[in-house]
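Peer 1: Here is what each chain is made of, one letter per residue.
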Amino acid sequence: MKEKFDRGTALTIFRNDRLEDIGALVLSLVIAFLVYNFVN
Amino acid sequence: MIYTHKTIWTLILGIIMVAFGYLVQAGVLNPMIEFLNLAKFVGKPESPGEMIILPFVCGIIAIVVGLWQFAVKPKEGNLDYYLSTVAGVMFILIIAFVVKWGLDPLMGVWGKALKPTLGFDIHSVMNLNYVVMGILAGIITVNVFNIPSWAENGVRLSRLGLKTGVVLLGVLYSWQELANLAGLSVVMIAAFVLGSVGLVLWMGARRKIPNSMGGVLSAGVGVCGVSAAVAAAPVVNAKSTEIAYTIGTILLWGVLMMFIFPIVGKQMGMNPTQFGAWAGTGILNSAQVAGAALAFEPDGIDTLKVAEIFNITRILFLPIIVLWLALWYVEREAGAQKVSHGSVIFSKFPLFVLGFIVMFILGSTGMFAPGSELPGKYFDNSEKHLVKKDKEGNVKESKMLSDKDAEVLKAEADKVTDGTQKAALASMLENKKATSFEHDRQLASIMNSHVLSVKANKVLKKMHSAVYKPAPRISKFRDIIAWFFTFGLVGLGMQITMASIKQAGGQPLIIGSFVGAVKAVGSLIVVWLLVKEIV
Numbered sequence: 001m002k003e004k005f006d007r008g009t010a011l012t013i014f015r016n017d018r019l020e021d022i023g024a025l026v027l028s029l030v031i032a033f034l035v036y037n038f039v040n
Numbered sequence: 001m002i003y004t005h006k007t008i009w010t011l012i013l014g015i016i017m018v019a020f021g022y023l024v025q026a027g028v029l030n031p032m033i034e035f036l037n038l039a040k041f042v043g044k045p046e047s048p049g050e051m052i053i054l055p056f057v058c059g060i061i062a063i064v065v066g067l068w069q070f071a072v073k074p075k076e077g078n079l080d081y082y083l084s085t086v087a088g089v090m091f092i093l094i095i096a097f098v099v100k101w102g103l104d105p106l107m108g109v110w111g112k113a114l115k116p117t118l119g120f121d122i123h124s125v126m127n128l129n130y131v132v133m134g135i136l137a138g139i140i141t142v143n144v145f146n147i148p149s150w151a152e153n154g155v156r157l158s159r160l161g162l163k164t165g166v167v168l169l170g171v172l173y174s175w176q177e178l179a180n181l182a183g184l185s186v187v188m189i190a191a192f193v194l195g196s197v198g199l200v201l202w203m204g205a206r207r208k209i210p211n212s213m214g215g216v217l218s219a220g221v222g223v224c225g226v227s228a229a230v231a232a233a234p235v236v237n238a239k240s241t242e243i244a245y246t247i248g249t250i251l252l253w254g255v256l257m258m259f260i261f262p263i264v265g266k267q268m269g270m271n272p273t274q275f276g277a278w279a280g281t282g283i284l285n286s287a288q289v290a291g292a293a294l295a296f297e298p299d300g301i302d303t304l305k306v307a308e309i310f311n312i313t314r315i316l317f318l319p320i321i322v323l324w325l326a327l328w329y330v331e332r333e334a335g336a337q338k339v340s341h342g343s344v345i346f347s348k349f350p351l352f353v354l355g356f357i358v359m360f361i362l363g364s365t366g367m368f369a370p371g372s373e374l375p376g377k378y379f380d381n382s383e384k385h386l387v388k389k390d391k392e393g394n395v396k397e398s399k400m401l402s403d404k405d406a407e408v409l410k411a412e413a414d415k416v417t418d419g420t421q422k423a424a425l426a427s428m429l430e431n432k433k434a435t436s437f438e439h440d441r442q443l444a445s446i447m448n449s450h451v452l453s454v455k456a457n458k459v460l461k462k463m464h465s466a467v468y469k470p471a472p473r474i475s476k477f478r479d480i481i482a483w484f485f486t487f488g489l490v491g492l493g494m495q496i497t498m499a500s501i502k503q504a505g506g507q508p509l510i511i512g513s514f515v516g517a518v519k520a521v522g523s524l525i526v527v528w529l530l531v532k533e534i535v
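These protein sequence lines are chains A and B, in that order. Per my numbering, the very first residue in the first sequence carries number 1; after that it's consecutive. Per my numbering, the very first residue in the second sequence carries number 1; after that it's consecutive.
Some hints here could point you the wrong way.
Stated by the list, open to error - Chain B is faced by these chain A residues, among others (derived, beta-carbon under 7 Å):
1. ASP6
2. THR12
3. ILE13
4. ARG18
5. GLU20
6. ASP21
7. GLY23
8. ALA24
9. LEU27
10. LEU34
11. VAL35
12. ASN37
13. VAL39
14. ASN40
Stated by the list, open to error - Anything over 12 Å on all C-beta distances counts as not near chain A; from chain B, calculated:
15. ILE33
16. VAL166
17. VAL186
18. LEU354
19. VAL454
20. ILE480
Simulated from the structure, these hints should not be mistaken for laboratory data. C-beta atoms are modelled at their ideal positions from N, C-alpha and C, and glycine is treated no differently.
Could you put together the complete structure from these sequences and hints?
Peer 2: Next comes the structure, spelled out in structure tokens:
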């Protein structure tokens, strides 16, 4: 599965699951920040 | 390596999105919006809905990136790599827009129109909602037309979309819900995960498949699918063909179950807790759990909340199972390298579950919903507290359906022909209040359809306004989470290729199918017998 992509696999652009998890956490925190500040 | 494709499509997709947003905002598409009943997605001029905001925001991003790709010569590095995903993200979103705002409501209209001829609503019976059609659209796109090379990197972001959806979902749970669900999920998941792993290893030994094959298959079938198989592969020295066999088996079963589970659940009349518990336990792969839960309840998030707690619980079993497999493998294979227990647990711990906990804690502080609006020891986003209560926690008499109002509704109840709406009305007449948010939505739709008299509609409006509405920030989170899952599931469909499913075969397919079937049927029986309450 790895041969086609220089980074990541066919399932993800990240080099490993842990980076993807951190990406999801950072994205979630950014969204939470935006919702907190701009909704209401 | 340079990843950016000099393609005109990023720009074109951006222009299409902005143009669509403009046409919706300008009212040019009003006849279509009215015909497909999309007003709730359009919103009001002072608070535009998702059909205006999403196309504008995404379209502008795509236009800027599209122009950048032409104007600037990309240099190798992170900026080039991550920006190369934008075109694929827009490609998925355009398909999701067409499915959610076009095909899904159109099928709803056709389903109702064909009901007198067919005798049933095909849209409802076949469960053809936007989630199911979005995944199907992804599967058809990749297998019939192929993914354009400029969109490939964006499609590989779909799992990030699903994980972000799960992390954000943490905001929507209350302490009480987690406490109720945690005990049930730990017991059920422990039994089914350990049972499935043990059964695969036992069958593998009897059928004399290599230990490495048995190890990787047991993790995939027992825990949470593809990610678990990939995580367990190194500790059992699995070959790439063995991983491919496992992935093929899991995808075949996962896709089948994702479509079958919601139909069975609806036919059996399951409630969100029962279906969520069943899907979170019985479906092999994490992504398909979300797909089945949203397919079961496309307009709400209750089922997804229950299903994801079960899914997260089994993901938490991953480090333990990998450690078990490592020890099991060392025992059976001479020359296998011993592993450190601590390092296995640490390296295999799914970090995004911590993200979910972080979001849950943030939500529990009350920062997204004012505590005064939500009763309970801690603030509560659950949908149990439907009707406003006084300080002592008693439902205010003025918020209940009076006998006089009940008579007005009873006299006109026959005018309501839709089965779901009839059930919601009957439930309210019996309980003197709306008993679920779904019922509240149905009562609102009776009101909007104007089949009842003005007097009866006023009663419905009164009952509708007595129901707690989620705080605005919580509503926004729900919308955002639903879109992350929609994006992730359409992209997931694009990763389900016939080539990967065809990899399934031989002994792994037989063993995986047997254990998958036992798990699906066994969890259905347990859920049906033991899970009765609505959490």
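Peer 1: So, for every hint listed, does it hold in this structure?
Peer 2: Structure-based check of each hint:
no., hint, verdict
1, ASP6, "5 Å, holds"
2, THR12, "5 Å, holds"
3, ILE13, "5 Å, holds"
4, ARG18, "6 Å, holds"
5, GLU20, "6 Å, holds"
6, ASP21, "4 Å, holds"
7, GLY23, "6 Å, holds"
8, ALA24, "4 Å, holds"
9, LEU27, "5 Å, holds"
10, LEU34, "9 Å, violated"
11, VAL35, "5 Å, holds"
12, ASN37, "10 Å, violated"
13, VAL39, "5 Å, holds"
14, ASN40, "5 Å, holds"
15, ILE33, "24 Å, holds"
16, VAL166, "8 Å, violated"
17, VAL186, "22 Å, holds"
18, LEU354, "7 Å, violated"
19, VAL454, "34 Å, holds"
20, ILE480, "6 Å, violated"
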